[in-house]
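Spelled out, the chains give:
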Amino acid sequence: MSAARPPSESLSVALLGSGGAGVLTAGALVTEIAARSGWYGFITRSVGPQIRGGEAAALVRLATRPVGCMDGAFDLLLAIDWNNADRFAAEIPLTPESIVVGDPKSGTPPDYVTQSGARFVEIPLAEIAKGLDGGRANMLAVGIVLGLAGIPGDRGAEAIRKQLSGKGEDIVTAGVATLEAGIAQTEAIADTPQLAAPPASSGERWLITGNEATGLGAVRGGIRFAAAYPITPATEVLEWLAPALTTVGGTLVQAEDELASINMAIGASFGGKPALTATSGPGLALMIEALGLATAAEVPIVVVDVMRGGPSTGIPTKSEQSDLNIAIYGCHGDAPHVVVAPLSVADCVFTTQWAVHLAEMLQGPVLVLSDQFLGQTKAIIDRPADLSFMTRRSVAAEIDAAKPYHRYATGEGGISAMALPGTPDGQYTADGLTHTPRGTPSSRGEDHVAQLDKRRDKIESHDYGAHWAEIDGDGDTVILCWGSLSSACLEAAAKLRAEGVAVRTIALRLLAPLNTARLGEALAGARRVLIVEQTHSGQFRRHLQGHVAFPGEVDVLARPGPLPITPGEIADYVQKWRS
Amino acid sequence: MSVTAEAPKRKASDYISDVKPVWCPGCGDYHVLLSLSRALAQMELEPENIAVVSGIGCSSRIPAYTNCYGFHGVHGRALPLAAGLKVARPELTVLVMSGDGDGFSIGGNHFLHACRRNVDLTYVVMDNRVYGLTKGQPSPTTEPDWDSALSPGGTGLRPFHPLVIALASGANFVARCFSGDVNGTARVLIEAIRHPGFSFVEILSPCVTFRPDEKQWKTLVHPAPVDPTDDPARAARRIMTDDGFNTGILYRGNRSPYRAPAASEPQDPGVLERKFVI
Numbered sequence: 003m004s005a006a007r008p009p010s011e012s013l014s015v016a017l018l019g020s021g022g023a024g025v026l027t028a029g030a031l032v033t034e035i036a037a038r039s040g041w042y043g044f045i046t047r048s049v050g051p052q053i054r055g056g057e058a059a060a061l062v063r064l065a066t067r068p069v070g071c072m073d074g075a076f077d078l079l080l081a082i083d084w085n086n087a088d089r090f091a092a093e094i095p096l097t098p099e100s101i102v103v104g105d106p107k108s109g110t111p112p113d114y115v116t117q118s119g120a121r122f123v124e125i126p127l128a129e130i131a132k133g134l135d136g137g138r139a140n141m142l143a144v145g146i147v148l149g150l151a152g153i154p155g156d157r158g159a160e161a162i163r164k165q166l167s168g169k170g171e172d173i174v175t176a177g178v179a180t181l182e183a184g185i186a187q188t189e190a191i192a193d194t195p196q197l198a199a200p201p202a203s204s205g206e207r208w209l210i211t212g213n214e215a216t217g218l219g220a221v222r223g224g225i226r227f228a229a230a231y232p233i234t235p236a237t238e239v240l241e242w243l244a245p246a247l248t249t250v251g252g253t254l255v256q257a258e259d260e261l262a263s264i265n266m267a268i269g270a271s272f273g274g275k276p277a278l279t280a281t282s283g284p285g286l287a288l289m290i291e292a293l294g295l296a297t298a299a300e301v302p303i304v305v306v307d308v309m310r311g312g313p314s315t316g317i318p319t320k321s322e323q324s325d326l327n328i329a330i331y332g333c334h335g336d337a338p339h340v341v342v343a344p345l346s347v348a349d350c351v352f353t354t355q356w357a358v359h360l361a362e363m364l365q366g367p368v369l370v371l372s373d374q375f376l377g378q379t380k381a382i383i384d385r386p387a388d389l390s391f392m393t394r395r396s397v398a399a400e401i402d403a404a405k406p407y408h409r410y411a412t413g414e415g416g417i418s419a420m421a422l423p424g425t426p427d428g429q430y431t432a433d434g435l436t437h438t439p440r441g442t443p444s445s446r447g448e449d450h451v452a453q454l455d456k457r458r459d460k461i462e463s464h465d466y467g468a469h470w471a472e473i474d475g476d477g478d479t480v481i482l483c484w485g486s487l488s489s490a491c492l493e494a495a496a497k498l499r500a501e502g503v504a505v506r507t508i509a510l511r512l513l514a515p516l517n518t519a520r521l522g523e524a525l526a527g528a529r530r531v532l533i534v535e536q537t538h539s540g541q542f543r544r545h546l547q548g549h550v551a552f553p554g555e556v557d558v559l560a561r562p563g564p565l566p567i568t569p570g571e572i573a574d575y576v577q578k579w580r581s
Numbered sequence: 005m006s007v008t009a010e011a012p013k014r015k016a017s018d019y020i021s022d023v024k025p026v027w028c029p030g031c032g033d034y035h036v037l038l039s040l041s042r043a044l045a046q047m048e049l050e051p052e053n054i055a056v057v058s059g060i061g062c063s064s065r066i067p068a069y070t071n072c073y074g075f076h077g078v079h080g081r082a083l084p085l086a087a088g089l090k091v092a093r094p095e096l097t098v099l100v101m102s103g104d105g106d107g108f109s110i111g112g113n114h115f116l117h118a119c120r121r122n123v124d125l126t127y128v129v130m131d132n133r134v135y136g137l138t139k140g141q142p143s144p145t146t147e148p149d150w151d152s153a154l155s156p157g158g159t160g161l162r163p164f165h166p167l168v169i170a171l172a173s174g175a176n177f178v179a180r181c182f183s184g185d186v187n188g189t190a191r192v193l194i195e196a197i198r199h200p201g202f203s204f205v206e207i208l209s210p211c212v213t214f215r216p217d218e219k220q221w222k223t224l225v226h227p228a229p230v231d232p233t234d235d236p237a238r239a240a241r242r243i244m245t246d247d248g249f250n251t252g253i254l255y256r257g258n259r260s261p262y263r264a265p266a267a268s269e270p271q272d273p274g275v276l277e278r279k280f281v282i
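Chains L and B, in that order, give the protein sequences. Whatever position you read off the first sequence (first residue = 1), add 2 for this note's numbering. Whatever position you read off the second sequence (first residue = 1), add 4 for this note's numbering.
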């Protein structure tokens, strides 16, 4: 091992190769070993549209603190082969500081690699692996990455055992030997980007994807029924929930389409079971009519949208924030409902749990806008605290037979107690038709306005507490963002602060109803507000400007997927704007 | 000493609300409401333990006219909503009430999969072979030459055959009724509700406003000449070759109803966290 550069607080590594080369397993192992050795970080993957085969890249970022976004450039690139590697040109930016490791017998690196000025190190991966008993090139790659980054290999055996469970101890032994051979290969390489020492252990850490975290938040919040129709990149939420719900005494039903899945959830919740479905943009489009039904009939449901590039089929495997408009404004009629967004992989747990609470409290649909990056990134996080919300759905458990039960009674706050089927004298018809307080269909203007007011009042008069946003730092320059982009914005602000610029970051978790009063307070004194979002048309900016008068100049950094918006870009944008 | 029969616990009127139906005078759906209320009274089910779920259409207005829990949802989606309710609350009696447009056109996919899924529901379709609420357009069961403003000269399309499709898709109980035969329909509904799994009852229910020709149905219907079979192939052959006016229970299957996977003993959600711990 060797080192000359100062140790780095963050290190980005890309492993690439064609399908079957095992780069995703290698990336998972690097992440797992780093996690077990005390570092934070995450792994995300980039794959082509092929179901099996094709080319794949594991993108790993390791750090001494929790991180939630890609960095601007990669410190290490290791290619098991170079087949079709040119398609990753934009996704794996390299600099002259980067180190590229390739097998001279596995093709030639694409132009973007050679032209980047990165230092090139040739290691005959296939040949070395062949010479080892049970050796595989991807396991050798794991060792090389560990060696170059300065991560010890002593947690390798347990990580391999976990990742390749069931494949037998022979595989583990061979894996460890190959990994150590990989580390040995790096001993002669000087001046590599070493990771700074990990922080002292701060308690229990988890390795979890955003989609799993969303499922867990749902169960913590009390979801006991889910209806499922598979769609990329939301399927893992549902696949995680299927056995999990059974474990806790709940149920998941696979539906024939998204029209069915949301209606199943509405039916289950009408029966009293907190219910959820998860989908992505195309599925959400199909669910919109029923979302309006849940609003009108006042049935609590949670709909998770793990967003991907759109419109139409778009880019199913890549992230975007472009379902904001449909999530908030998609329903016909005036159909106010709550829309929230998790700010990080770890926050998928809290935000989904909060969404369940809000749906049950406010008796209507709550949308959770996650995205492909959050959903499919596997991150090392501190165990998220289990916050329990004490208030539950208002249920009419005992009904006075002498008085007609008014399911949709209007009054203070707009929330009316819901009778569940089985409750004597509580019979009513939940209806998408405009109805009277009793639930009887009506086309009278006064009933229409009374029920519209009721539905608006209950969500607008609710106290969302401090959860509506995370506010960090102080200064008259404000970065305003939501959801998945929050990590990149917070990191950009830290970078700017280090450069001497005072920056305030406001990351919204509650997108609708917009907390205009608190947002106004949070914006007080701002001279410049930069809105950052991953859309083409600036959907978030339009949403904000429809509700908020900004105190100073406003600009927007809006770019669609599939490429992530990085902290460096945001910081540069702010610096340019200031000068 | 004379023995007096015990008074019935329930009357049909216990199941009917005070909401006045929007249906036209003479609509067959009034009779369906009556049959349903008689069936429920004879079964002595508590009104609060029954849920009536519907979509959109004339017939789908029925939940508010009953004194049960009701859900009048969106067009075509009554079956999945009812399936979610029944899976979540298996102890309830869940009835799905629909029409030929709601059930076979916009909701056609759910019909197929509800038959396959075999959740213990009773699915009643009031078939009048026309969209009535939108004032007279052809539905999937309308004859190909039926003239209308939307499809002048007729659609030219072959009518959908719901009973055979139900059989092919796995429905566990298949029957055809005529709304004018109130007691006969009530008898079939009782059997359908009692039968485990997905029971499908098509009720020929005339639309006197847009299909006055359907007033003739009362002279055309007749009880099926043979007993129900448990052989779906035989039932399908009979239904495909009859005159379309055979009424009664036509098929009774013995598939096990849908059962969601269940834990022997539910555990605390905390156990789910273990696999994430590094």
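For the record, the hints were derived by calculation from the structure and aren't laboratory data. In this text, all values refer to a predicted model and were calculated from it rather than measured experimentally. A portion of the hints provided could be inaccurate.
Said to hold, decoys possible - Label pairs and their in silico Cβ distance ranges: (1) L:S463 with B:A153: 46 to 52 Å; (2) L:A202 with B:V281: 17 to 23 Å; (3) B:R238 with L:G413: 26 to 32 Å; (4) L:T518 with B:A264: 39 to 45 Å; (5) B:L161 with L:R89: 22 to 28 Å; (6) L:V451 with B:L154: 51 to 57 Å; (7) L:L435 with B:A153: 22 to 28 Å; (8) B:A264 with L:D574: 52 to 58 Å; (9) L:L435 with B:A264: 28 to 34 Å.
For glycine and all other residues, C-beta sits at the position ideal for the given N, C-alpha and C.
If I claimed the Cβ atoms of V451 of chain L and L154 of chain B lie 51 to 57 Å apart, would that claim hold in this structure? With a Cβ separation near 34 Å, V451 of chain L and L154 of chain B fall outside 51 to 57 Å, so the hint is violated.
C-beta pair T518 of chain L, A264 of chain B: status relative to the range 39 to 45 Å that was hinted: Hint holds: Cβ distance 43 Å, inside 39 to 45 Å.
Taking the CB of L435 of chain L and the CB of A153 of chain B, does the distance hold inside 22 to 28 Å? This hint holds: roughly 26 Å between Cβ atoms.
Is the hinted range of 52 to 58 Å satisfied by the C-beta distance from A264 of chain B to D574 of chain L? Since the Cβ atoms of A264 of chain B and D574 of chain L sit about 53 Å apart, the hinted range of 52 to 58 Å holds.
Would you say the C-beta atoms of R238 of chain B and G413 of chain L sit inside 26 to 32 Å of each other? Violated, at about 60 Å.
Take a look at whether the Cβ-Cβ distance between L435 of chain L and A264 of chain B falls inside 28 to 34 Å. holds (31 Å)
For L161 of chain B and R89 of chain L, compare the CB-CB distance with the range 22 to 28 Å and indicate the outcome. violated (47 Å)
Pairwise beta carbon distance, A202 of chain L to V281 of chain B, judged against the given window 17 to 23 Å: For V281 of chain B against A202 of chain L, whose Cβ atoms are near 18 Å apart, the range 17 to 23 Å holds.
Tell me if the beta carbons of S463 of chain L and A153 of chain B are separated by a distance inside 46 to 52 Å. Holds: the Cβ-Cβ distance is about 48 Å, inside 46 to 52 Å.
Violation of the numbered hints given earlier is confined to hints 3, 5 and 6; the remaining hints are satisfied by the structure.
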